[in-house]
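Undergrad: Given chain X's structure and the hints, the job is docking chain Z onto it.
Top to bottom, those sequences are chains X and Z.
Reminder that position 50 of the first sequence reads as 50 in the UniProt record's numbering, one-by-one numbering, no gaps.
Reminder that position 111 of the second sequence reads as 111 in the UniProt record's numbering, one-by-one numbering, no gaps.
Among the hints, erroneous ones may be present.
[What the hints assert, rightly or not] With a cut-off of at most 30 Å between alpha-carbon atoms, the simulated DSS-like pairs for lysine-lysine come out as follows:
id, chain 1, residue 1, chain 2, residue 2
1, X, 3, Z, 460
2, Z, 367, Z, 251
3, X, 3, Z, 449
[As the list claims (entries may be wrong)] Computed footprint of chain Z on chain X, listed as stretches where at least three residues anywhere in the stretch have a Cβ under 8 Å from a Cβ of chain Z:
id, stretch
4, 160–167
5, 186–200
6, 226–239
[As the list claims (entries may be wrong)] So, partial list: chain Z residues that the calculated Cβ filter (under 10 Å) puts toward chain X:
id, residue
7, 47
8, 58
9, 168
10, 174
11, 255
12, 256
13, 297
14, 308
15, 313
16, 400
17, 404
18, 454
Calculated directly from the structure, the hints in this document are not laboratory data.
Even for Gly, the Cβ is constructed at its ideal location relative to N, Cα and C.
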Amino acid sequence: MKKLSARRRHPLAAVVVLLLALAATGGLYAAFAPASKAQADETSQSLAIEEGKKLYQVGCASCHGTGGQGTSDGPSLVGVGAAAVDFQVGTGRMPAATSQGAQVPKKRNIYTQAQIDQLAAYISSLGAGPDVPTKNDYSPEGADIAKGGELFRANCAQCHNFTGQGGALTHGKFAPSLEGVEPKHIYEAMQTGPQNMPSFPDTTLSQQNKKDIIAYLKAVNGDQTENPGGLDLGGLGPVSEGLFGWIFGLGVLIAVAVWVAARTAKAKKS
Amino acid sequence: MSTTTSNESASRGRAPAGERIADWADGRLGIYSLAKSNMRKIFPDHWSFMLGEVCLYSFIIIILTGVYLTLFFHPSMNEVVYHGSYVPLQGQLMSEAFNSTVHISFDVRGGLLIRQIHHWAALVFLAGMFVHMMRVFFTGAFRKPREINWLFGFLLFVLGMFTGFTGYSLPDDLLSGTGVRFMEGAILSVPIVGTYLSFFLFGGEFPGGDFVARFYSIHILLLPGIMLGLVVGHLILVFYHKHTQFAGPGKTNNNVVGMPLLPVYMAKAGGFFFLVFGAIAAIAAVAQINPIWAMGPYRPDQVSTGAQPDWYMGFSEGLIRTMPGWEINVWGHTLVLGVFVPLVIFPLVLVAIAVYPFIESWVTGDKREHHILDRPRNAPTRTAFGAAWIAWYFVLLVGGGNDIWATHFHLSINAITWFVRIAFFVVPVLVFIATKRICLGLQRRDRDKVLHGRESGIIKRLPHGEFIEVHEPLSQEQLHTLTAHEQYKPAEIGPTVDENGVERKIKGSEKLRAKLSNAYYGEDNQIPKPTVEEYKEITSGHGHH
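Isolated chain X (complex conformation) (with noise of 0.2 Å):
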């Protein structure tokens, strides 16, 4: 206790106290964030009703209308398919938080592969649309890599980026990172163009292209990717690249700048 009020004094106190202080919120924040994950999970059970009509009245219809017709807030969902009720419940995306910022968010999906077949079932029953794909339409067979590339490059890349990290759209929208994403949603994505992403039908992107896409995207952002570099630092290109530089680079060099300094040599005292 007599060392620490009588270091209590010391130049370097403050930066001491200001490094715990960010351990502690840190470390508090850690502790608590996970809890309202479990949360969300027991809600979610409660919403899971079986029938899509009955799914529907109780999920969608607050939005988009008891019939799929649409409301102020939501759009009228006649016409939109099988493909778009399986991503955008399938991803979680809906049915949306009742406040949502500028773009609904992709969240942990409530509904059983089941329900959401059901819910699709009863959202084309309104008006025909784009069918889900099946298993031979985005499976990595038969497609070819490097043609996907040049069509990502092309149609895909200005919006989520070389290798599809994701990218910043106008008044805080966003094309998403389309790491972890099932090839079956980036499909239908794809097919039925979701908020702000345009559709690319088979008229414009055939159902081959679509597959390569899918394959290339598996090659350089799928969990067994290797980077042949090392650490991608984000993929972001040469934003993080410079921060890494400056911290790590430069940040390591003058620290071993301070430490060679410290070490002078001494005059001998004979």
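TA: Just chain Z, lined up with the frame of chain X:
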């Protein structure tokens, strides 16, 4: 006598090989006298004096790795079909430049590591020069006689930016191609001559088939050649002027206190070179940089989001991203202010910091030599200007990375852009005011410390009940260090009438100088340092604690 000499020469025999070589060389190069006058050259010790060394060593690393890369790189824009080992590019059309860079990355032994060392070292080189320049700036090391060396250093930084930019453009990948397109757009925006300049640089329409070969000779020959010359000049001047040092006991404007070049600094510097090389190589081995294979070959019809230049060009990106897209259309001609204004501001941002030393020396009117460094707090106006400039630069960097800020902090890119537009004008002013206040506060603290000592945190109760905090007096060394700086008096305009009583014409520049000088050294703009009398009065112990 003669026998002893012959005995001695016999016992010594022939001089050792090293000595004979040195004798031979001395007879032709005069190395003995050179070495005698320079080997014991004294350099002061401080970590911040090694920032320049970081730059020098990373420059050497860049040259060494660059030479290796030239052995495999083909600076050609001929179109070829890729058949290398990276599957996601198989069968793609690309330029030979891109093809050879992918080849270096995947099929040349050690190629990717060398490429990454080259690129990381470039980022560190520029960052090092930036910090080195700021060290020189904030300590006032640019004052006479070092103004020319300041300019040499500044030129090295600017040339480094362009060497970096041309190198980053060489692989002809989609990211760098977008950067070159950006540059072409900026050149095109120049009234009247823009189109001609662009056609001259690219040998016709963009991108043409020439620019990689042209950038290659600029990148590996022209700019580094000039830089090498400047580096040598820079070092010669450092030797000639001798190194500056911080104030302290025994250190004066006429001496240098430190260690000799040989052996101490040779050993230190040699070791430090390998530490720098090692640190950069470690980073290059761990972290990927510029993965051109993921970006794909350049095609003018393609673009990716997050297309930024390397950090040192980031402020120009910020200028162009935040400038409103204004244009004037008259008589069938378009003046694209949205691009041309940033092109004009770009050099001004850099020149602002480069000319500062000359402005300061004009304001102070000080023509003496300065070898003792200032503590930043003791030159509040200079420090505030430097901090404001850095803030200005950083605001532009934020603008250049506005999309990354938007996605990672969940902000609106439009809001960031507007923030940068306003902050471009406001933030430097706020930072200037705040920094100056902080400096003055620190000066007051120094004054307090000198006069009253350091607050020890020990509370004492006196016999009559009063509580006092014990202040520890500073040592003589500390007292000297805190009061060694000299304080200028504000310049005055002088008599307004000449010796005959006739009103003298006062030039506008003279008035401006007096005003500026007052802003620098006026009553509220520096805290008078404690005088010996004040110190003696307080420490003499007549009813003061």
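Undergrad: Could you run down the list of hints and mark each one as holding or not?
TA: To see whether the hints hold, each was checked on the structure:
no., hint, verdict
1, X:3 with Z:460, "holds, 18 Å"
2, Z:367 with Z:251, "holds, 21 Å"
3, X:3 with Z:449, "holds, 24 Å"
4, 160–167, "holds (count 7)"
5, 186–200, "violated (count 0)"
6, 226–239, "holds (count 12)"
7, 47, "holds, 4 Å"
8, 58, "holds, 8 Å"
9, 168, "holds, 8 Å"
10, 174, "holds, 6 Å"
11, 255, "violated, 16 Å"
12, 256, "violated, 15 Å"
13, 297, "holds, 9 Å"
14, 308, "holds, 5 Å"
15, 313, "holds, 9 Å"
16, 400, "holds, 8 Å"
17, 404, "holds, 5 Å"
18, 454, "holds, 8 Å"
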